[in-house]
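Participant: The lines below spell out each chain.
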Amino acid sequence: MSATVPATDLVTVTIDGIDLQVPKGTLVVEAAKLIHRDIPVYCYHPKLGPAGLCRICLVEIDGMPKLQIGCNTPVADKMVVRTLSDKANEGRRAVLELLLLNHPLDCPICDKGGECDLQDFAMAYGQGASRMIDAKSSKPKAVDLGPTIVLDEERCILCLRCVRFDDLITHERSLRTDDRGAHAIIATATGHPYRSDFTGNVTELCPVGALTSKTYRFRSRPWDNHRTTTTCMQCSVGCQMHVDGRVQQIARTMSVEEDDAISDGWLCDRGRYNIGYVTDDGRLTSPLYRQNGEWIQIGWDDAIELWANAVRDAIAADGAASVGAIGGGRLLNEEAFLLQHVYRALGVENLDWRAGRMVRAWPGPLPIRGHHAELAAADVVITYGVPPAQTAPVLDLRVRKAVANGATLISIGDHLASAVLPCVRVATFADAVKRIPSGAKHVAIVWDGIEVADAHAIAAWAGALDHATTTFRLYVPGEQPNAFGAEAVGMLPRDGGLDTRGMFEAARDGKLRALALLGVNPVLHFPDRELAIAALRATPFVVVSELFMTETAELATLILPACSAFEKTGTTTDLAGDVLPVSAAVPSPESTLADGDMLVALADLLGIALPAPAALDATIRELAAATPQNPPLPAPDGAPRAIASGETLRVIVEASIFSGGGTLAHDDRLGELRLTPRARMHPASAAAFELEEGDAIDLAGPERVRLDGLTVAFDTHVPEGAVAIVAGVPAAPANALRGAVAVTIAAKRRAAEAGVLA
Amino acid sequence: MASPVVEILTKGIGELNLRDIDVYRSTGGYVQLERAVKELGQKAVADECTGSNLRGRGGAGFPTGRKWSFLPNNGRPRYIVCNCDEAEPGTFKDHMLLEQTPHQIIEGILIAAYAIGCHHAFIYIRGEFQDGFEIMRDAARQAREAGIIGKGIFGSDYDLEFTIHRGAGAYICGEETGLLNSLEGKRGEPRLKPPFPAIKGLYGEPTVVNNVETLAYLPHILKHGAAWFASVGPERSPGYKVVSISGHVKKPGNYEVPLGITIRQLIDECAGGLRDGRTFLGVQPGGGSSACLFEEHLDLSYDFDTIAKAGSMLGSGAMVVFDDTTDFVKASFALIRFYAHESCGQCTPCREGGSWIEKTLARIIDGRGVPSDIDVMKSACHQITGLNLCALGDSIEPFLGSVLDRFEGQFRAYIERATPVPERVAV
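Here the protein sequences line up with chains A and B, keeping their order.
First residue of the first sequence: 47, per this note's numbering; consecutive thereafter.
First residue of the second sequence: 19, per this note's numbering; consecutive thereafter.
Mixed in with the good hints, there may be bad ones.
[Claimed, not checked] Straight-line alpha carbon distances no greater than 27 Å define the calculated DSS-like cross-link-like pairs of lysine-lysine that follow: (1) A/Lys447 - A/Lys480; (2) B/Lys211 - B/Lys269; (3) A/Lys112 - B/Lys211; (4) A/Lys447 - B/Lys211; (5) B/Lys218 - A/Lys447; (6) A/Lys112 - B/Lys218; (7) B/Lys218 - A/Lys70; (8) A/Lys93 - B/Lys211; (9) B/Lys348 - A/Lys182; (10) B/Lys218 - A/Lys93; (11) B/Lys211 - A/Lys133.
[Claimed, not checked] Computed footprint of chain B on chain A; a stretch qualifies when at least three of its residues, placed anywhere within it, have a C-beta under 8 Å from a C-beta of chain B: (12) 95-101; (13) 137-148; (14) 223-231.
Worth flagging that the hints you see were computed from the coordinates, not collected in a lab.
All figures in this text were calculated on a predicted structure; none of them were measured in a lab.
Quick reminder that beta carbons are idealized off the backbone N, C-alpha and C, glycines included.
Hey, can you work out the whole structure from these sequences and the hints?
Facilitator: Now the structure itself:
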């Protein structure tokens, strides 16, 4: 560290007889870590800063009559600190005795037992027995704090890490202390359930067993867990994650505290808790072939042969243009590479990773790819389209950090970038650019990758920017975790190949004979649900690799049961272009195969040579590091945005980490988190259509498109005259609207008179 | 016997309606403020106040001028907050000043605000002081109508906004950073220091928090000069002080005296002495948070340094006198229960230690004490002191510690009379 700090800013401090030089202002607790002297802490946390509450970090400092707290004492030059002196140890013993006075000794049934700081420090510094002979005070136990968290008030030592996390990191301020003195307890500020995209982090911050996850309570003991470190495959942020397995099942996932570069040590609740699907009864465990309208179980050899023959026959009959493959955004880099490698070897160019609304994971040859940590240092953050708060929560924590440090947050269009921090909403990109304060040095744009015109506007603006005075970073959080990797390894059509829409249109018109869909569910996510369904119905051979019988798999000819991201090993690429390791944490169910293994078998049958593993790895890293040489973006269609009239409502399609049909729909324990179909509206627009909160409505658009069964919810953040619908909710998929921009209310039911159509 | 009682702040109380701005002005009120803003200028006012060696009358006794000098010249707005959250057990001087001489307090606040270059002053009034709040509100309205609060005070170019804020009933909000949190609308709990309020106080800006009585002396210091105040009493602890005397005396009440007279004088010459036929056992010299002093201390000089040297503190200047009818077990319990009840619960020693000792004393009084309680309490007193985030936690122990040493027999008597209970070994 001294290499980067000028010598004048260093001070010399002596800790337990060891001299060390540290930058001025370093806290004693942090300085001590440099010599591997861990001063015990409860309330202090490097990411939350000092709070001075628990008083366990007492140290003796020469020249100071009283013990000092190491967490809020910056080192001074020539300071002599004793962390293990008799006096310091006596102070810690005293604090531990006090902390344990009313703490229940239920360690044998406590989830934290074995990894509890109170247990550990009581062993190291405590006195063994309490001198209090009165009854311990009793407080509420097993308090249901919300959909994910249970709180044991008796175990709580009031370090307030959870409250401070919810204040300083998420800025949501849902948690607080109620009552005072010995009666103080943790509660939600509103009395309503603790809901946030980040609740799981408080269970890790909790130094004792007070806050526990519903998904992990009483399921395992830390010493029985077998830990694997991997990359979370739920979104494109690429958070590093520990997977703790017990008897070959996933017991829980934990953040990687040292992962400063990507996750900053946090996980979102989708990434953390969506693990139950791995052992769900709905997992596909055998290849299924449709014969005479019935699914029959077949063996893997037959399945791959069917696939190989279908592709070979189609090419022989109608040429390579009659074959296509879609997938890659949910696959590993290696798998996505193999997919395009095998198909290109056959001359197929109908290749695309895109199965949803995104047009590009990376818009073009702009060398301005931002890294996660840089986002927190921005002076201005502009979100263009669906904001990262809805698609990439942990990246959004960097946005919140930037805004808390004084950055200006601007969101463009209908979406609001933040409901918790100050945010300017403007109509167009040109308006956003005007709002950039003069003197801003670091501008970050987070684009949702959906509208082509946005990318052109960003590119034009960035091209005119004076890069000598202003740095500019672009972030494109994808709909799929490995969108960037799939695109980098070549899962985009070249040389006249068709993109996904092109393939679907060709298929609908009877021009496609064989289509492979690997890890995609276009029936739920492709913006035109009717087209996707028509295309799959019209294609003679559709092979789908999936974990579950999804909307798309139901329309397949052949279904291949795939491994989940916890069951295979390889790499994925995050939105910043980092190639990150994915490691198998648990064995895959019998009769499932990783998509990569399916492709290897397919290549074998088709006689296609594959690159050696080492060469493949080098190729992937090279492709991810290079500025993607993607085909240029098409020109924007220039069609003006339709404006809702007095009779219609404008449709805003939003995203959520708690929508989706696959892993989330098949996780029993997350039922409370799954979104129900809702139509969020400004109360004024609801009033104009004589709607009340809780009413059930059906929407109708042009060309007879319909979306039925939405519940009206009021939200003043939704612009007037609009209705906001979250994409990917299986019970009411927004893609059924086929991109309709204006809808009418086709039917409504009062909440009170359920079942009766008005 | 010549009474040491003087009338500086207390002049006119009980005789004149000093709540009326005209009456207050007829006694020379607001003259010093006008002089300050029109003649003296900011530096001269600050120098005069600093030169008086006035020490804070709220409890800590910190030199007022030095506190002001910590404000950084960073061009940021700065605030002054008058702490009128008087809740220290035994203290009732600010209560009287608030209800009797609100204009004197306003004048003091405005002089201090002017001296430090602040344009928005606050007074934080204890929630229970309903009458005091109404009186202060009326006084502030009168002052505003008279052009004393607001834009261009006394026709000068000095502007000052003045806000009255009521507490919601928590002792901890008398702690200056707890007060600032409460004033900002947050939970009233002390902040971690450093940073101190002078650097980062109200709304994150440099802030001075001064006690009511401290500020009320400022007009008088300007009137008579710093030397007048500094020459009274001990050099390092000079001036006058309103002392609230309560407990086993004939005439409990507020007495304004020069610092440096003896404790015995305060009890005998001010408060009329003990009740007839009673003997003196002890006295708390500075409110509920101060350790008890005993017979051998009666002739000590009543000033900040001497009382501190004797192992107690002058605190807010609230003397509670105990005669030989005192049950120190119950007296300790009453105080400990107060501190345990008022603990904000943030930091471990105060939260856990206070309730531990409260439980122990309750059990002793209930006749279920055990012999080891004495040593455990002594040890617990020791281990909760000096480790806390704020001064409240350090206020739990002094009284109990001092009377436990001196009157251990009273505690033992409770325990010996106790119904024997098996001494359970807790783990």
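Participant: Hints first: check each against the structure and report whether it holds.
Facilitator: Hint check:
no.	hint	result
1	A/Lys447 - A/Lys480	holds, 23 Å
2	B/Lys211 - B/Lys269	violated, 41 Å
3	A/Lys112 - B/Lys211	holds, 15 Å
4	A/Lys447 - B/Lys211	holds, 24 Å
5	B/Lys218 - A/Lys447	holds, 21 Å
6	A/Lys112 - B/Lys218	holds, 24 Å
7	B/Lys218 - A/Lys70	holds, 20 Å
8	A/Lys93 - B/Lys211	holds, 19 Å
9	B/Lys348 - A/Lys182	holds, 23 Å
10	B/Lys218 - A/Lys93	holds, 21 Å
11	B/Lys211 - A/Lys133	holds, 23 Å
12	95-101	holds (count 6)
13	137-148	holds (count 8)
14	223-231	holds (count 7)
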